[in-house]
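Since the structure of chain A is already known, use the hints to place chains B, C and D on it.
These protein sequences, in sequence, are chains A, B, C and D.
So the first sequence is residues 32 to 377, counted in the working numbering.
So the second sequence is residues 32 to 377, counted in the working numbering.
So the third sequence is residues 32 to 377, counted in the working numbering.
So the fourth sequence is residues 32 to 377, counted in the working numbering.
No lab work stands behind these hints, which were simulated from the structure alone.
The structure presented is a predicted model; accordingly, all values stated were derived computationally and were not measured.
Just so you know, nobody snuck in bad clues.
Because identical chains cannot be distinguished in the list, a pair is counted as satisfied if it fits within a single copy or across any two copies.
With a straight-line cut-off of 30 Å between C-alpha atoms, the simulated DSS-like cross-links for lysine-lysine are:
1. K72 / K123
2. K34 / K56
3. K329 / K136
4. K329 / K220
5. K220 / K72
6. K299 / K72
There are 4 protein chains.
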Amino acid sequence: MIKVGIIGSTGYAGQEIVRLLLGHKDAEIVWYGSRSYIDKKYYEVFGNMFQIVDAVCMDDNMEELADQVDVIFTATPQGLCASLVNEGILSKAKIIDLSADFRIKDVKVYEEWYGIEHKSPQFIEEAVYGLCEINREDIRKARLIANPGCYTTCSILSFYPLAKEGLIDMNSIIIDAKSGTSGAGRGAKVNNLYCEVNESIKAYGVLTHRHTPEIEEQLGYAAGEELKLIFTPHLVPMNRGILVTGYANLKKSLTYEEVRAAYDKYYKDEKFIRVLDKDICPETRWVEGSNYVDVNFKIDDRTNRIVVMGALDNLVKGAAGQAVQNMNLICGLPETEGLLMAPVFP
Amino acid sequence: MIKVGIIGSTGYAGQEIVRLLLGHKDAEIVWYGSRSYIDKKYYEVFGNMFQIVDAVCMDDNMEELADQVDVIFTATPQGLCASLVNEGILSKAKIIDLSADFRIKDVKVYEEWYGIEHKSPQFIEEAVYGLCEINREDIRKARLIANPGCYTTCSILSFYPLAKEGLIDMNSIIIDAKSGTSGAGRGAKVNNLYCEVNESIKAYGVLTHRHTPEIEEQLGYAAGEELKLIFTPHLVPMNRGILVTGYANLKKSLTYEEVRAAYDKYYKDEKFIRVLDKDICPETRWVEGSNYVDVNFKIDDRTNRIVVMGALDNLVKGAAGQAVQNMNLICGLPETEGLLMAPVFP
Amino acid sequence: MIKVGIIGSTGYAGQEIVRLLLGHKDAEIVWYGSRSYIDKKYYEVFGNMFQIVDAVCMDDNMEELADQVDVIFTATPQGLCASLVNEGILSKAKIIDLSADFRIKDVKVYEEWYGIEHKSPQFIEEAVYGLCEINREDIRKARLIANPGCYTTCSILSFYPLAKEGLIDMNSIIIDAKSGTSGAGRGAKVNNLYCEVNESIKAYGVLTHRHTPEIEEQLGYAAGEELKLIFTPHLVPMNRGILVTGYANLKKSLTYEEVRAAYDKYYKDEKFIRVLDKDICPETRWVEGSNYVDVNFKIDDRTNRIVVMGALDNLVKGAAGQAVQNMNLICGLPETEGLLMAPVFP
Amino acid sequence: MIKVGIIGSTGYAGQEIVRLLLGHKDAEIVWYGSRSYIDKKYYEVFGNMFQIVDAVCMDDNMEELADQVDVIFTATPQGLCASLVNEGILSKAKIIDLSADFRIKDVKVYEEWYGIEHKSPQFIEEAVYGLCEINREDIRKARLIANPGCYTTCSILSFYPLAKEGLIDMNSIIIDAKSGTSGAGRGAKVNNLYCEVNESIKAYGVLTHRHTPEIEEQLGYAAGEELKLIFTPHLVPMNRGILVTGYANLKKSLTYEEVRAAYDKYYKDEKFIRVLDKDICPETRWVEGSNYVDVNFKIDDRTNRIVVMGALDNLVKGAAGQAVQNMNLICGLPETEGLLMAPVFP
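So that you can see chain A by itself, here it is in the shape it has in the complex:
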């Protein structure tokens, strides 16, 4: 039985890790960390956990935690994990960091887009980018996992086969992404109040959203070249779900079958990536509550462009589910353990 500690267990992503691990037969949560709710019963913060979780919220003491657990999840704001981690801790426990602290290899790029100083740049090189379907083997051997962002996971997996096979002009990529509101976190802000979000849609962080360099870096690795793209996130009045609609110029005219073969080459055996049937568009309702990513594409002969689409649950494959998938890999467990629940609809 793997012992798990969660720092930031009272955010939406933290709570989702709790929910998933409750259905995981080889893991046990022994530390519910939450600076905001120290000494409070966990179920008082999340009423769904009444009579399921009896634990009390603990402070974020990573040193002590490392002595007690095998795996530490940090579901915390940017900068916290980097400020706490050290060699001693990493020698005792594996860390799966859901923040952006170790996602970007170039510390200058991180500091520029996030506007904070990186406190542990010495671990960036070692950290493995935890996009399981792409970095599976490196993840198995890692001590420190940089769990990908929600928009990022959806964006990369939607474009990956095209990038890898060199089918598109990498500098022509435009990603128009739409997210449910849980992606904005559980902080008390006027802009996230029910009446402000409901019955509206807006773009935000236009041209400045922090997931941009992360997507560029990872798609750059896939394509073997540097690139710049446009990424526009939108806030949608729903709890969960991310939909990515992406656009790119094809390098040459391609048939459906040719592009489909590229997707199948990388995703055919992937349990959690579903390449949909021809002409079926991904919808977030079909993945809600599950670890699936649904992807598909459509070729526009009129403009010689391709439209790619991807849908996932931002709290599962976009955060907690992928984190658990990473945990399974670094702990030598079956990769799908605890993650095979069907999507919940409606």
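Just chains B, C and D now, with coordinates in the frame of chain A:
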């Protein structure tokens, strides 16, 4: 491995049975019945099931079905199960009927409230009302289960300890219930369109809703007396969830502890009924996706009345979850098998 | 042209007063008060007002305000209006207070339910309860209006004819009310975040909600007797709208026509109260954005009770619309000026 | 007083024309056409109109209608207006057609994208495309107005100054649009049920949506060249609102001020087009219920592209509001009459 057939598998309740049984280790669905979608892939009707369910929808042939399966779920409109069932079928397979056909013992009351002739009144006596927490022992021995209505389950479980212990005037009961929209089914009706339901709340079926006599009958058994009550359902702009707010006159002045003792007497060991802490009100978000019913009460010394509250997921404990719980009981499996998933929030 | 100042113009009710007065041909807003946004452009707080309102938010200086305007609206938290008002101000400007400060005649009841000391009890007697359809003549002559609460308006108007005509047992009243989320205000609280409210319904303030004594007092005046009732508010995932479902015991058996006659007696000539056709239930979608209250009732011969229903837009007839209606009355303008817009659907 | 008839008055757009004309001081509706609800009271179809509209729904007899009214609105499915219109009718009444029948000048393009034969191609040349801000003078003289599509209005107005001024590569345009659900109409379809739309987002009609050639044609006129673009609509869980996020390659490097000057050149004096302040993104909540279009843009120096954004209410500026604006123009009334209501928030 128990073999299961579902008649009406493409309604919301039918699909929820599918979802739950996919996580059930002792049951296997071998027949996805759906008159509307015969020969269509099940995942083409419910995209969440892509790469999870590969089956094709079948016609509703109950005779043939009875030869192939151990348990038949009928998640169909009123009247269908009663029109198909016969001794031959019941001798081969257990039936769990999610419609109202066998819920009401007095066939005249059924025909009056439902406005249709009952086609198999000879099986009404034998049918067991499948409210597991109350009729557990009878269910274990049954061949034909009348799975309770969603409003009914929530209403009965909210009031049951008070009725059983004789604490309230049974003829003073008023039940004001609120339901998510999945309770209205998947039929294409203008009144259930997104724009008609969204941003609105209304009462409907006022004084005439069909769950009224079902609640009266069952609470009557609990109290040992006949009764009449008022039941008012409301449509709420959300997918899932039922909230019951009930009112009754106390027979005498009672303390919190006295009433709490009554609830604990019946529910203390019930896995799926959570009596909340003092002053905590049930909320549907805390039970969504799960088989839990959250109940609580508050005593009004000013008026000597009691307010009871209950919340459940209408598709789980209010339909499919309870049906699976019944299946577990009649098949001699652990009652909670396949039903222990934590509620999904947000 | 009547000059208007609004204290608390950046709450939801304050903004709705702005919206309504923009369509009012005899009123002009000259003071947009807002402690939280002093010196900020009003349209930066509410983007809908871009190029419509060019004003800057001002501090809440009621003394100065009284010199500049004819009517002051206070759309502020409980206690503020009472702490600011004085004879000098009242001698210069009329005040329409949307808080509860002057709604309850018995200052002890106010202090008990609201938990704060009343700073100007000397004006309570003079203040007129601004439920226009009932206190129209007194309002015309008033200097200080206590604008009714949203739940209260809906509850009182739903029951008023029954109380006035003595048709029901006043101590049997139960009011089960449901409100959209704008009623909770624009403060940044976790409980009002989109993901907390969406896909859920709950009761709150059970047996302790502050609108209870206000409803009791006003219905008591109508019935000519003191009474105690139960009032249970619920939070519904929608922006606007209040639905009241009320229950009471009939004093004697009554026909539809008899009760209908009572409603017609008081409401037949009321522009903003619509008594719906027989068997039509009020729905909040049909009043959204307008000053209408839709009411109806249904008699239960089985239990000799009556179910009454009322629907209004909590920000219009439940707050800003009623406030403007009061302004029209005290200023000698046509009562409906600026309030005749049709409900917005969908 | 202008006499108005509406064919298709019981769809969402038709009802919105009714709502707007109720607040119009120079127009009177004398014919509420609706094939589906002939002889039914209009308020029985739309409860918001109770005690406001007393009329009964009439059949769609355009010949008779032309004798009785000055202006006919056709808010009907594609093909109906073209099948009914003739010279006799046009000589008696002006027609404002909200369908696509007369929007596209090349009848072959119409028939290809809409898949139906055009029944009155002889009137296509005469018909004026009713985008008021662009074709104002032609509209004033027209007998037959092709009222633009909702997506189209938002898309064109977002890009128009860039096209007109030659700032972008017209063949690089990508339009990613998001619409509320009222755009899907009031037909009873499973896909538009509350539970199917709520908590989900999807693209639809990818590369095949019928508004594509309409946008291409109109932006082509602006740019003085033919072009091909990609248009991707999405369905969003909200009642009203369209948001367009558009992308294009800049022909050369431009500053904010340069592009802003282009927008100001065309929109500075337009009442209903609001160019937002720098860095403020349009949000549909800020235009709901009003005739405003909010637009803005952001320049990406990294990729030398521009992101344009536009938001409108699909039922107002995207349909009924624009239709009334057209009516005002062809009838010689002030263009803004009946359309100056502030947006409704929240």
